[in-house]
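Undergrad: Chain residues, written in single-letter form:
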Amino acid sequence: MKDLQTIDLSARIGALTLKNPIMPASGTFSEDLADVFDLDVLGAHVLKTIMHGTRAGNPTPRVCDIQSGMINAIGIPSKGIDYFRDEMLPYWSEFKAPLVVSISAHSYDEFARLCREVSLPGVTAIEANISCPNIEADGNAFAMRPDTTQEIVTRLRTETDLPLWAKLTPNTGEPVEVARAAEEAGADALVVANTMLGMSIDVDSRRPRLGNVMGGMSGPAIKPIALRMTYQCARACDIPVIGCGGISTLNDVLEFLIAGAQAVQVGTATFQSPTVMARLIAELEGWMTTQEITSLEEVIGSIEGSEAGVFE
Amino acid sequence: MKDLQTIDLSARIGALTLKNPIMPASGTFSEDLADVFDLDVLGAHVLKTIMHGTRAGNPTPRVCDIQSGMINAIGIPSKGIDYFRDEMLPYWSEFKAPLVVSISAHSYDEFARLCREVSLPGVTAIEANISCPNIEADGNAFAMRPDTTQEIVTRLRTETDLPLWAKLTPNTGEPVEVARAAEEAGADALVVANTMLGMSIDVDSRRPRLGNVMGGMSGPAIKPIALRMTYQCARACDIPVIGCGGISTLNDVLEFLIAGAQAVQVGTATFQSPTVMARLIAELEGWMTTQEITSLEEVIGSIEGSEAGVFE
Amino acid sequence: MTYIPTTVSVPVPQGLRPRCSEATCRVVSNTPVNGEYRLLTLDAPEAILDCQPGQFFQLLCPAPEGENPFLRRPMSIYGYDKSAGRLEFLYKIAGAGTRGLATLRPDDTFNVLGPLGQGFSMPDDWQNLMLVARGVGLATLAPLARMAQERGRKLTAICSARRPELAMSVELFESYGAEVIVVHDEDGSSTPEALRPLIEARIAKGDVDAFYTCGSSRLLRMLQDLGESHGIPGEIAMEQQMACGLGMCQACVRSFRVGDRIIQRRVCREGPVFPISEAM
Amino acid sequence: MTYIPTTVSVPVPQGLRPRCSEATCRVVSNTPVNGEYRLLTLDAPEAILDCQPGQFFQLLCPAPEGENPFLRRPMSIYGYDKSAGRLEFLYKIAGAGTRGLATLRPDDTFNVLGPLGQGFSMPDDWQNLMLVARGVGLATLAPLARMAQERGRKLTAICSARRPELAMSVELFESYGAEVIVVHDEDGSSTPEALRPLIEARIAKGDVDAFYTCGSSRLLRMLQDLGESHGIPGEIAMEQQMACGLGMCQACVRSFRVGDRIIQRRVCREGPVFPISEAM
Ligand SMILES: Cc1cc2nc3c(=O)[nH]c(=O)nc-3n(C[C@H](O)[C@H](O)[C@H](O)COP(=O)(O)OP(=O)(O)OC[C@H]3O[C@@H](n4cnc5c(N)ncnc54)[C@H](O)[C@@H]3O)c2cc1C
Ligand SMILES: Cc1cc2nc3c(=O)[nH]c(=O)nc-3n(C[C@H](O)[C@H](O)[C@H](O)COP(=O)(O)OP(=O)(O)OC[C@H]3O[C@@H](n4cnc5c(N)ncnc54)[C@H](O)[C@@H]3O)c2cc1C
Ligand SMILES: Cc1cc2nc3c(=O)[nH]c(=O)nc-3n(C[C@H](O)[C@H](O)[C@H](O)COP(=O)(O)O)c2cc1C
Ligand SMILES: Cc1cc2nc3c(=O)[nH]c(=O)nc-3n(C[C@H](O)[C@H](O)[C@H](O)COP(=O)(O)O)c2cc1C
Ligand code: FES
Ligand code: FES
Numbered sequence: 374m375k376d377l378q379t380i381d382l383s384a385r386i387g388a389l390t391l392k393n394p395i396m397p398a399s400g401t402f403s404e405d406l407a408d409v410f411d412l413d414v415l416g417a418h419v420l421k422t423i424m425h426g427t428r429a430g431n432p433t434p435r436v437c438d439i440q441s442g443m444i445n446a447i448g449i450p451s452k453g454i455d456y457f458r459d460e461m462l463p464y465w466s467e468f469k470a471p472l473v474v475s476i477s478a479h480s481y482d483e484f485a486r487l488c489r490e491v492s493l494p495g496v497t498a499i500e501a502n503i504s505c506p507n508i509e510a511d512g513n514a515f516a517m518r519p520d521t522t523q524e525i526v527t528r529l530r531t532e533t534d535l536p537l538w539a540k541l542t543p544n545t546g547e548p549v550e551v552a553r554a555a556e557e558a559g560a561d562a563l564v565v566a567n568t569m570l571g572m573s574i575d576v577d578s579r580r581p582r583l584g585n586v587m588g589g590m591s592g593p594a595i596k597p598i599a600l601r602m603t604y605q606c607a608r609a610c611d612i613p614v615i616g617c618g619g620i621s622t623l624n625d626v627l628e629f630l631i632a633g634a635q636a637v638q639v640g641t642a643t644f645q646s647p648t649v650m651a652r653l654i655a656e657l658e659g660w661m662t663t664q665e666i667t668s669l670e671e672v673i674g675s676i677e678g679s680e681a682g683v684f685e
Numbered sequence: 374m375k376d377l378q379t380i381d382l383s384a385r386i387g388a389l390t391l392k393n394p395i396m397p398a399s400g401t402f403s404e405d406l407a408d409v410f411d412l413d414v415l416g417a418h419v420l421k422t423i424m425h426g427t428r429a430g431n432p433t434p435r436v437c438d439i440q441s442g443m444i445n446a447i448g449i450p451s452k453g454i455d456y457f458r459d460e461m462l463p464y465w466s467e468f469k470a471p472l473v474v475s476i477s478a479h480s481y482d483e484f485a486r487l488c489r490e491v492s493l494p495g496v497t498a499i500e501a502n503i504s505c506p507n508i509e510a511d512g513n514a515f516a517m518r519p520d521t522t523q524e525i526v527t528r529l530r531t532e533t534d535l536p537l538w539a540k541l542t543p544n545t546g547e548p549v550e551v552a553r554a555a556e557e558a559g560a561d562a563l564v565v566a567n568t569m570l571g572m573s574i575d576v577d578s579r580r581p582r583l584g585n586v587m588g589g590m591s592g593p594a595i596k597p598i599a600l601r602m603t604y605q606c607a608r609a610c611d612i613p614v615i616g617c618g619g620i621s622t623l624n625d626v627l628e629f630l631i632a633g634a635q636a637v638q639v640g641t642a643t644f645q646s647p648t649v650m651a652r653l654i655a656e657l658e659g660w661m662t663t664q665e666i667t668s669l670e671e672v673i674g675s676i677e678g679s680e681a682g683v684f685e
Numbered sequence: 012m013t014y015i016p017t018t019v020s021v022p023v024p025q026g027l028r029p030r031c032s033e034a035t036c037r038v039v040s041n042t043p044v045n046g047e048y049r050l051l052t053l054d055a056p057e058a059i060l061d062c063q064p065g066q067f068f069q070l071l072c073p074a075p076e077g078e079n080p081f082l083r084r085p086m087s088i089y090g091y092d093k094s095a096g097r098l099e100f101l102y103k104i105a106g107a108g109t110r111g112l113a114t115l116r117p118d119d120t121f122n123v124l125g126p127l128g129q130g131f132s133m134p135d136d137w138q139n140l141m142l143v144a145r146g147v148g149l150a151t152l153a154p155l156a157r158m159a160q161e162r163g164r165k166l167t168a169i170c171s172a173r174r175p176e177l178a179m180s181v182e183l184f185e186s187y188g189a190e191v192i193v194v195h196d197e198d199g200s201s202t203p204e205a206l207r208p209l210i211e212a213r214i215a216k217g218d219v220d221a222f223y224t225c226g227s228s229r230l231l232r233m234l235q236d237l238g239e240s241h242g243i244p245g246e247i248a249m250e251q252q253m254a255c256g257l258g259m260c261q262a263c264v265r266s267f268r269v270g271d272r273i274i275q276r277r278v279c280r281e282g283p284v285f286p287i288s289e290a291m
Numbered sequence: 012m013t014y015i016p017t018t019v020s021v022p023v024p025q026g027l028r029p030r031c032s033e034a035t036c037r038v039v040s041n042t043p044v045n046g047e048y049r050l051l052t053l054d055a056p057e058a059i060l061d062c063q064p065g066q067f068f069q070l071l072c073p074a075p076e077g078e079n080p081f082l083r084r085p086m087s088i089y090g091y092d093k094s095a096g097r098l099e100f101l102y103k104i105a106g107a108g109t110r111g112l113a114t115l116r117p118d119d120t121f122n123v124l125g126p127l128g129q130g131f132s133m134p135d136d137w138q139n140l141m142l143v144a145r146g147v148g149l150a151t152l153a154p155l156a157r158m159a160q161e162r163g164r165k166l167t168a169i170c171s172a173r174r175p176e177l178a179m180s181v182e183l184f185e186s187y188g189a190e191v192i193v194v195h196d197e198d199g200s201s202t203p204e205a206l207r208p209l210i211e212a213r214i215a216k217g218d219v220d221a222f223y224t225c226g227s228s229r230l231l232r233m234l235q236d237l238g239e240s241h242g243i244p245g246e247i248a249m250e251q252q253m254a255c256g257l258g259m260c261q262a263c264v265r266s267f268r269v270g271d272r273i274i275q276r277r278v279c280r281e282g283p284v285f286p287i288s289e290a291m
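Residue numbers (the numbering used here), protein chains in the order written: chain A, 374 to 685; chain B, 374 to 685; chain C, 12 to 291; chain D, 12 to 291.
Simulated from the structure, these hints should not be mistaken for laboratory data. Being a predicted model, the structure only gives us computed values, none of them experimental. Be aware that one or more of the hints could be misleading.
Simulated pairs of lysine to aspartate or glutamate, EDC-like, Cα-Cα distance not exceeding 20 Å [as the list claims (entries may be wrong)]:
(1) D/Lys165 <-> D/Asp135
(2) A/Lys452 <-> C/Glu281
(3) C/Lys216 <-> C/Glu190
(4) A/Lys452 <-> A/Asp405
(5) D/Lys216 <-> D/Asp136
(6) D/Lys216 <-> D/Asp236
(7) C/Lys103 <-> A/Asp405
(8) C/Lys103 <-> C/Glu47
(9) D/Lys93 <-> D/Asp135
(10) B/Lys392 <-> B/Glu677
(11) B/Lys452 <-> D/Asp135
(12) D/Lys103 <-> B/Asp577
So, partial list: chain B residues that the calculated Cβ filter (under 7 Å) puts toward chain D [to be verified]:
(13) Phe402
(14) Ser403
(15) Asp408
(16) Pro434
All C-beta atoms, glycine included, are put in the ideal place defined by N, C-alpha and C.
Turn these sequences into a full structure, and let the hints steer you where they fit.
TA: Now the structure itself:
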């Protein structure tokens, strides 16, 4: 029997060590959750994507539910960089958990500028939400293609010394090429992945159920897609992968770790149960104890018998 | 009150008129279902994809379930063209419902040859499953890109005078461009869409839950993706779209019709309830009666207020 | 499958008790009221019963046959009693979620999250209160009646309905000492044109310090108008599609007119109760 | 939501009654047997009770808390009685689906599809039958005992288990007149080495015309070997992951040795019962 005193939940994301591998997904977390549980139990804090200026976001209704998940078209309502620096950063700096700031923009220059300006003391890492439409590429998200990914990550890399995470989209047909492009351009980690584009219609009114017509699917329905991409990216790249998509149970967390993720982000599950992240951390520790596993390294990437076939 | 004697369920797929818009999806239907209900109630019969030679298919386990759906990696076990001609075609020719033969291949030449050879009396239309890996494009499916789609559909078009349906994949990042390429190359209809690539891991054994590691997701979990693509393709193309993905209730059928589909294919739902297609036809007729709708044309593409926003 | 501990205690911020929490409640009863509505009475833990009228809960609705309501559904508190451990919701069946609620039978358990949002305020200078609402909106305003009685305020409740017998909560309002006026569509007494003089007569008598309303945008516009002309403040409870219910997702925003600016606020967090004058 | 008729009758092929059908059954009881297993007894419509031993049903398992078994689960018929309208399954909790089954309580209803597949055959020249099985495999072989008695065959049942008290279906086999031999791991009597002489002694006495087995691959290999040496045929019921259960999806294939060729067959359609000699 191993010494279970030494159970170590810490997760290494490049140079960064998180005290555990559980953190929120951008856009599903805010200071409001601090009323519900002690947010310092989390491995990191990841904020809703901010953009440079102030923006309103999309028309309502902004969410609808689907089988085993939801679709959102919140957009990125943003109070801008000044509000972030003056109001949000001081609040989040009070916590011990590392702060990850998600940023986005519609053009290379704006993105680069925002990246430079958010590289402030108190910020631990920057997550680049490159799933946002790029106006210089016909409105296609940067992360849809390897070339635009390479270009934007290269630009961001020159603007900051902070760890830079690139958040990929599952809507691309070339996830592995995009992941490699982000790695080559100097990303320190990959967040895999953002929401999947979907739609829902109200049959009685014959109207789309979202004000924006289409929106991003999240929740358990997309888990197999995010898990597959996590597996593909972890095999193809040397930088750490942070899994994200539909994670709501300990079993889900373990699937992503076994597939090769170093850590995971939890989004929609928090809407069903606000305390889920705190529970997952405790459950993960409980599971490691039962299994006599003292370090996550014994789990991460431990998938067996996966000589990948060709899918047809 | 309209004359409800004249309720007309017929669906027009180009030159072809089906007596109703409900048909099975390839790979989820076979003569075995004839033991359960009268298959002539269906709008059409769509067979499991055949390839030219005999093939074994993938290792087991070939299926696993996920939240609100399943993943399959059956592969395409095929008894080849001779078996099709000599054994299957005579059997299916006995039915009144039109016969749609799904074909695939790993190269342009093989695909073209198979297309020519299945263009036999008794076959009503050919569905080209271009979601199959193309050996001449690094194993990427033909339907992943507009150029390979254009090339294969052009080749197939020259080989047959039968209506030619192109079945698209949701794994591409360019669904609209692919749909347009198929249309320009002469496809008579689009089937939107095939399965979404996914994965599942058994945490206890740390093994993938499919023999082939990755597989295709189907069932309600993918419905919002297929519906979104149906909507996108129906707006972008003039040829008819046949919706497919996660359809299991009357509400689902109506969502696809409202989004612009002329007809729908039902796959995984038949595994949960073998009689579901017969029930959907009766329910559709019942709904039209209640709503005093006499023709599907009043429903197809009738989506309101859908000035599409940009998703971010 | 994997080992999953059944209960894990979650660390709560130092010195702060959770403002809202998840709780599993036992169904005491779930019975039809007035044809269109149902009253759900729960046996609820004390921890979630520090409620204010106007607040709401997010209910994790059970799945009815063939449907799967994924998101929680917001529902106003219809009644609560901390000492008795009782929590009540009055709901109308609208879709999958409320159909799921309707399947709950006594002794079933299900999960609620709350109390959420900001309730109604009742400043000291609001002595004579007038409540005007319609349909399920009356559910949201119901707990105001008790609050008014407890604080010794005078309450007039105008209950609007399609037919007189469909007017909700009349007995409940009366039991807390409110004067109840039922208006309805059948005799035309519920139109803004008919209501307005009725209310203006009360205002003229000095009987109205503040309005409370909920639901109908026609009523809102009338009360905004009356409020502006006569300098009478008031509060409205509003609705919007929600995901988190806590303020995190920004799904539930609505526009408000504040001075000459239009701003967006989250119904779940800054609301669901807002000044009548700012609502749009 | 949309109008959905509750019952729609589905046209059945002319002159052919459906070989299998979906039916909603009422749970009569669902009780633990022997610690590891549970016996589920259903009140089932006549239409699905033209069963053969060795056939199976696809059960639409209810969702246990926090899980959602999507595909139907295959389960052998443990018992059936057309006149009494009874259908029984004996199952072991393995994962989400069987955990869901375990939640069923008397008077709950749930949906089954069947009977499916090809059952055991019992040709006239198989007069002395020997059944060798272990664990839940004995559930699959249980209805053979009644069939053997009805046809006046002599049946010897070798029931293997970890411990003697865990041997399944012993009373059931005995009640249909079978001779039961319990072997187990504790005294080593269940190893192929110990079983082999036992069976060979019976063969020598002319007591074995055919074998039936299920489940264990060690038992299979032993019986294939014995069968080949002594020219004794037999049948095995096999398992494989399934989706449709009807033959449509080709999920459930296994390899079989037929002459010198290896071919693939669908467990749900050509099986689940196959010749012992061809199984792999
Ligand atoms: C703060 C608040 C308090 C409420 N109080 C009550 C109450 O006391 N009694 C009552 O009967 N109803 C109340 N509602 C409305 C109630 O939330 C909806 O009727 C319910 O969510 C409908 O869910 P459904 O699945 O049955 O219907 P569906 O129409 O199928 O719902 C689909 C989606 O739309 C959302 N939705 C539908 N209608 C509304 C609505 N009016 N407001 C917000 N979201 C909606 C649902 O939550 C769900 O996400 C309240 C709403 C809010 C925001
Ligand atoms: C023809 C046939 C007859 C069977 N009869 C019985 C019986 O009488 N009693 C009994 O206890 N079990 C029987 N089984 C096995 C039973 O089907 C599985 O134990 C059950 O499906 C497990 O489902 P689960 O969700 O509880 O477990 P999980 O392991 O979570 O199942 C995951 C998936 O794997 C499949 N699966 C798991 N084990 C098996 C298996 N052994 N065979 C086929 N698929 C499997 C499930 O159907 C499901 O799709 C039979 C299997 C077959 C094929
Ligand atoms: C309401 C909502 C808002 C979101 N906003 C953002 C965002 O601003 N930036 C971003 O990178 N991802 C955003 N996401 C995506 C999530 O971070 C996450 O990638 C996705 O939801 C998948 O994870 P989940 O299934 O656990 O929710 C949002 C998701 C939801 C549901
Ligand atoms: C078991 C299985 C086998 C399939 N085989 C094929 C196939 O051979 N050819 C094909 O074009 N699609 C195949 N498909 C995809 C379906 O035709 C359909 O496009 C997909 O399952 C989505 O629809 P559904 O959600 O209604 O099942 C298969 C799907 C399943 C589940
Ligand atoms: S519902 Fe999420 S912010 Fe209001
Ligand atoms: S389970 Fe589908 S063919 Fe056997």
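Undergrad: Taking the hints in turn, state whether each one holds.
TA: Status of the hints after comparison with the structure:
no. : hint                  : in the structure
1   : D/Lys165 <-> D/Asp135 : holds (12 Å)
2   : A/Lys452 <-> C/Glu281 : holds (17 Å)
3   : C/Lys216 <-> C/Glu190 : holds (15 Å)
4   : A/Lys452 <-> A/Asp405 : holds (17 Å)
5   : D/Lys216 <-> D/Asp136 : holds (17 Å)
6   : D/Lys216 <-> D/Asp236 : holds (18 Å)
7   : C/Lys103 <-> A/Asp405 : violated (29 Å)
8   : C/Lys103 <-> C/Glu47  : holds (6 Å)
9   : D/Lys93 <-> D/Asp135  : violated (24 Å)
10  : B/Lys392 <-> B/Glu677 : violated (27 Å)
11  : B/Lys452 <-> D/Asp135 : violated (36 Å)
12  : D/Lys103 <-> B/Asp577 : holds (18 Å)
13  : Phe402                : holds (6 Å)
14  : Ser403                : holds (4 Å)
15  : Asp408                : holds (4 Å)
16  : Pro434                : holds (4 Å)
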